[in-house]
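Student: When you get a sec, could you build the whole thing from the sequences and use the hints?
So you can see what is in the structure, the chains are spelled out below.
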Amino acid sequence: MDAVFRALADASRRELLDRLHADNGQTLSELCARLDMTRQAVSKHLAILEEANLVVTVKRGREKLHYLNPVPIHEIAERWIGKFERHRLQALSDMKRALEQGSKP
Amino acid sequence: MSKPAFVYVTYIRTTPEKLWAALTDPQTVGRYWFGMAVECDWKPGSPWRLEFRDGRTADSGEIIEAVAPKRLVIRWRNEFRPELKAEGYSRCTMEIEMAEYYPDFGGRAVKLTVTHEMEGDGTKFIAAVSGGWPKILSNLKSLLETGDVAFELGV
Numbered sequence: 002m003d004a005v006f007r008a009l010a011d012a013s014r015r016e017l018l019d020r021l022h023a024d025n026g027q028t029l030s031e032l033c034a035r036l037d038m039t040r041q042a043v044s045k046h047l048a049i050l051e052e053a054n055l056v057v058t059v060k061r062g063r064e065k066l067h068y069l070n071p072v073p074i075h076e077i078a079e080r081w082i083g084k085f086e087r088h089r090l091q092a093l094s095d096m097k098r099a100l101e102q103g104s105k106p
Numbered sequence: 029m030s031k032p033a034f035v036y037v038t039y040i041r042t043t044p045e046k047l048w049a050a051l052t053d054p055q056t057v058g059r060y061w062f063g064m065a066v067e068c069d070w071k072p073g074s075p076w077r078l079e080f081r082d083g084r085t086a087d088s089g090e091i092i093e094a095v096a097p098k099r100l101v102i103r104w105r106n107e108f109r110p111e112l113k114a115e116g117y118s119r120c121t122m123e124i125e126m127a128e129y130y131p132d133f134g135g136r137a138v139k140l141t142v143t144h145e146m147e148g149d150g151t152k153f154i155a156a157v158s159g160g161w162p163k164i165l166s167n168l169k170s171l172l173e174t175g176d177v178a179f180e181l182g183v
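Chains as they are written, first to last, in the numbering used here: chain A, 2 to 106; chain B, 29 to 183.
I should point out that these hints are in silico values taken from the structure, not numbers from a laboratory.
Treat the hints with caution; some may be incorrect.
[What the hints assert, rightly or not] Straight-line Cα separation of at most 30 angstroms, DSSO-like style, residue types lysine-lysine; simulated pairs:
id, chain 1, residue 1, chain 2, residue 2
1, B, K31, B, K113
2, B, K46, A, K60
3, A, K65, B, K31
4, A, K45, B, K113
5, B, K31, B, K139
6, B, K163, A, K60
7, A, K45, B, K46
8, B, K71, B, K163
9, A, K60, A, K45
10, B, K152, B, K139
11, B, K139, A, K65
12, A, K97, B, K163
13, B, K71, B, K113
14, B, K163, A, K65
15, A, K60, B, K31
16, B, K98, B, K71
17, B, K152, A, K45
18, B, K31, B, K152
19, B, K113, B, K163
20, B, K71, A, K45
21, B, K31, B, K98
22, A, K45, B, K31
23, B, K139, A, K60
24, B, K98, A, K65
25, B, K152, B, K113
26, A, K97, B, K152
27, B, K31, B, K71
28, B, K139, B, K46
29, A, K60, B, K71
Fair warning: this is a prediction, and the values are worked out from it, not measured in the lab.
Tutor: Given below as C-alpha cells:
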C-alpha cells in the first residue's frame with residue numbers, strides 16, 4: 002500500500018494513469034507521443050507505477066502494452082469506506098458530477 | 029487474438045490451489061461474486077453459466093481451457109441485458125502465478141491476472157464488466173486472506 006501512495010504522489014504519474022484511463026493498452030511510444038516528457042522520464046514513471054501494481058504490462062508480439070490496473074485503488078477505498086456508506090457516497094458523487102456537468106457553459 | 033480490453037491484477041496471500049478452488053467452487057464463488065451461482069464442470073468444451081439468486085441467467089459461455097491451478101479461459105457472453113448480449117462473446121482469461129516477492133507482504137504471494145478480450149466490438153460489455161471486476165477481485169482477496177468479504181449484497 003505504501004508503494005501505491007508513493008506512486009500516486011506525483012502529478013506526472015497521475016497524468017500517465019489518466020492517459021491510460023482514456024485509452025487503455027498503449028505502448029511506450031504511444032504514451033510518449035502525447036506527453037511533454039522525455040522517453041526516459043516516462044519509462045521511469047511507468048516502472049514506479051508497475052512496482053505499485055497500478056500499471057500492468059502485456060506482451061503482444063514485439064510490443065509491450067501498458068494497462069491501468071485499478072484494483073489497488075479499489076482495495077484502498079474498501080479499507081476505509083464502510084459498506085453502509087458506499088451508496089450514499091455514490092449518490093453524492095453522482096450528484097456532484099451531474100451538477101458540474103449542468104453548470105458548464 | 030485481439031488486444032485485451034483490460035488487464036486486472038491482484039496479489040493474494042494464499043496458494044495457487046486455494047485460489048483455483050475459490051475460482052471454481054460454486055459455494056465460494058457465491059460469497060465473493062455478489063451471491064451469483066456458477067454452474068460448470070470446468071472441463072474444456074463444457075458449458076459455463078453464471079446465475080442470479082432468483083435463477084435468471086446472468087452470463088453464459090463455454091470453457092476453452094482449464095489447467096488447474098494455473099489457467100482458466102472462458103468464452104463469455106452477457107445474457108440479461110440485450111444491448112450487451114448483442115455485442116457477442118468475449119474471452120476471459122484468468123492466470124495464476126507465484127510472485128516471488130510482493131512488497132505489501134514482504135514475501136511470496138499468488139498473482140491473479142484477469143483479462144477480457146472481445147471477439148467483436150464490445151464497448152458496452154467491456155464498460156459493464158470492467159466496473160465489476162475490481163469489486164469481485166478485492167472481495168476474493170479479502171475472503172482468501174481473512175475468511176470474510178467486504179460486502180456480500182448484489183450490485
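Student: Is K113/B close enough to K163/B, meaning Cα to Cα at most 30 angstroms?
Tutor: Judged against 30 angstroms, a Cα distance of about 22 angstroms means the pair holds.
Student: Between the alpha carbons of K152/B and K45/A, is the straight-line distance 30 angstroms or under?
Tutor: Judged against 30 angstroms, a Cα distance of about 34 angstroms means the pair is violated.
Student: Going straight from one Cα to the other, do K60/A and K71/B come out at no more than 30 angstroms?
Tutor: holds (27 angstroms)
Student: Given the hint that K31/B pairs with K139/B, test it: the Cα-Cα distance must not exceed 30 angstroms.
Tutor: holds (21 angstroms)
Student: Given the hinted pair K65/A and K31/B, is their Cα-Cα distance within 30 angstroms?
Tutor: holds (11 angstroms)
Student: If you draw a straight line from the CA of K98/B to the CA of K71/B, is it 30 angstroms or shorter?
Tutor: holds (14 angstroms)
Student: Hint check: K71/B vs K163/B, CA-CA at most 30 angstroms. Holds or violated?
Tutor: The given pair, whose Cα atoms are some 27 angstroms apart, holds under the 30 angstroms limit.
Student: Holds or violated: are the alpha carbons of K71/B and K113/B at most 30 angstroms from each other?
Tutor: OK: K71/B and K113/B at ~24 angstroms, within 30 angstroms.
Student: With the threshold set at 30 angstroms, check whether the alpha-carbon distance from K163/B to K65/A stays at or below it.
Tutor: holds (27 angstroms)
Student: Assess, step by step, whether the Cα of K31/B is no farther than 30 angstroms from the Cα of K152/B, and give holds or violated.
Tutor: Answer holds: K31/B to K152/B is near 17 angstroms, not above 30 angstroms.
Student: Starting from K139/B, check that the Cα of K65/A is at most 30 angstroms away, please.
Tutor: OK: K139/B and K65/A at ~19 angstroms, within 30 angstroms.
Student: If you draw a straight line from the CA of K97/A to the CA of K152/B, is it 30 angstroms or shorter?
Tutor: Between K97/A and K152/B the Cα gap is close to 24 angstroms, so the pair holds against 30 angstroms.
When held up to the earlier numbered hints, the structure conflicts with 4, 7, 17, 20 and fits the remainder.
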